[in-house]
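Protein chains: 2
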Amino acid sequence: MSKSNLAPDKILQLGLAFWGSKTLLSAVELGLFSFLAKGPKDAKALAKKFDLHPRSALDFLDALVALGQLQRKGGKYSNTPESNLFLDRAKPSYVGGILEMANARLYPFWGSLTEALHSGKPQNEAKTGGNFFAKLYADPKILKMFLKSMTGLSMGAAVAIANKFPWKNYKTFVDIGTAQGGLAVQVALAHPHLTGGGYDLPVVAPICKEYFKSFKLQNRLQFYPGSFLTDPLPKADVLVMGHILHDWNMEEKKMLIAKAYDALPKGGALVVFEAIIDDNRSQNAFGLLMSLNMLIETPGGFDYTGADCRTWMADAGFKETRVEPLVGPESMVIGVK
Amino acid sequence: MSKSNLAPDKILQLGLAFWGSKTLLSAVELGLFSFLAKGPKDAKALAKKFDLHPRSALDFLDALVALGQLQRKGGKYSNTPESNLFLDRAKPSYVGGILEMANARLYPFWGSLTEALHSGKPQNEAKTGGNFFAKLYADPKILKMFLKSMTGLSMGAAVAIANKFPWKNYKTFVDIGTAQGGLAVQVALAHPHLTGGGYDLPVVAPICKEYFKSFKLQNRLQFYPGSFLTDPLPKADVLVMGHILHDWNMEEKKMLIAKAYDALPKGGALVVFEAIIDDNRSQNAFGLLMSLNMLIETPGGFDYTGADCRTWMADAGFKETRVEPLVGPESMVIGVK
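In order, the protein sequences belong to chains A and B.
So in the working numbering, spot 53 of the first sequence is number 53, and the numbers just go up one at a time.
So in the working numbering, spot 91 of the second sequence is number 91, and the numbers just go up one at a time.
Just to be clear, a hint being listed does not mean it is correct.
Since the list gives no way to pick one copy over another, a pair counts as held whenever it fits inside one copy or between any two copies.
Unchecked claim - In silico DSSO-like cross-links for lysine-lysine, where the CA-CA straight-line distance does not exceed 27 Å:
#1 K48 / K121
#2 K10 / K38
#3 K49 / K127
#4 K73 / K10
#5 K10 / K91
#6 K144 / K209
#7 K44 / K254
Read the hints as simulated data drawn from the structure, not as lab findings.
Extracted from the complex, chain A is given alone in its bound form (with noise of 0.2 Å):
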């Protein structure tokens, strides 16, 4: 080897990194996390619980310790503190829904990721003429699961919204696309000047209200019904929309952030936030990533910049903006009115 200070490592676990995460997504398909919560196994009770061959078992459960999601002591399996807190679905912090869905769905689905290069068609349920949405609401037990999952994979960006932005500035707000309404609720508890809620398609209605009341919100939050594709959006000091904007294509990315700007105040803000790419688009390879899944799952949906988003808003006639990190790959893009 004429450079042997060159590894290839990197590159081969990169390329292999497959093994490991649908070993994770197996296992919460199984429920593996949620069983566990409840308290200590051995490998033949969770080969029993699970219907794991004794081929497989201990390779199975041992890769997950190696892989940082469960402990072993004493030839009993337990969770991790954050396995046992965001993968048992009992709890209301669990984010497997979207490992579910992304074991489900998005693993076969990125299998064709080559063909999507080179047709810049989705290769999701459309290929073959399914709605995966469509689909979703017609199932209430389907959809309160998938909002909830959305609850949960938003959390962090939540909590950072809620003490980043300058809440003590304005009086309302309302959360675009706000599925269960987990940002709403984070909000109005850090601030409880605040009234507002969220708005979403109405068949979200019952899911989210329930969800407000469980925090006993309901007198300061509402649920807005209303699709933001045909219907204006409601008035509101702060307008949020988290996760929204990278679904659709440019000019329906424009034609919302003009929605906003006409329903807010002068001084109102819009607050964007999602997995921001950064400005050289070369170091949130998860912002980069999430719009190749956009490429996958949607018709025009896309990632974009801080930049791309302030130019937008600019346009748009919003007079400030800028871009704050929130947490991991996650920021928000601010514009002010």
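Guided by the hints, dock chain B onto chain A, whose structure is given.
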């Protein structure tokens, strides 16, 4: 959130790690790194060369930058030192063969991991009556590419074994299941006093002999044809088995170790190397996942700890046994007769 110091980031990163994995695999499939090895290119040229849709080209290329597999300067993309050395098909150091195989075969087969966990049965071509290796051995071009990728994959461990094992105490060696002969060449280059070679199926002979010749080692290294399942092993002071034992079930593993014992002189050594699992089965995630890969790929194969292998060696009659780490997840287990 009651436990606000806990975050779901690592869980979500692991659960969605297949995004970055598949992005690299698609880039290897397309031959992106081999093309960029000829010189930097802008996105337009790359999109034209690889038929990348305008919607996907920049996200794909920039994701590879953020994942550390490409560099970008002044709008031109180039390989990193690592991707240039290990992912250019024109170089002997190419490790992409294993990733091409992972892209075409393992990624979709791992999609059925949950089924494998329940059934204990392979999820590869065998599931539908196919046989990957039969097909591989039937096409000299595909076989050469596969054997070459094995050389790249084992290079780090081969160099470490050439340096770490006390070769000065021995005169002859044979690498069992030698493939292209990568380990034999590294050992022979480092230790001019040694003679020996590589043992593999007769179909491998021309590819291995050509490789020995390319290093002008044809006078010191020969190819030994045979099948280790049915034939005795060639006699030598040292026998090496790299990434061999994990393919086979317990009985077959023990049979192979016994055959090595029979072929060695008193004081001779068997050197077994692969992603040996740590004795506590809680650290070497790659080794444990490799064992799950054996579940996906073989009827009875599995990876094992250093302690396991030392026990099997001792049972076969080896007097001294020890484990030594090599590079990354790889270790060697040495048994002295």
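- Out of the numbered hints, which ones does the structure contradict? none
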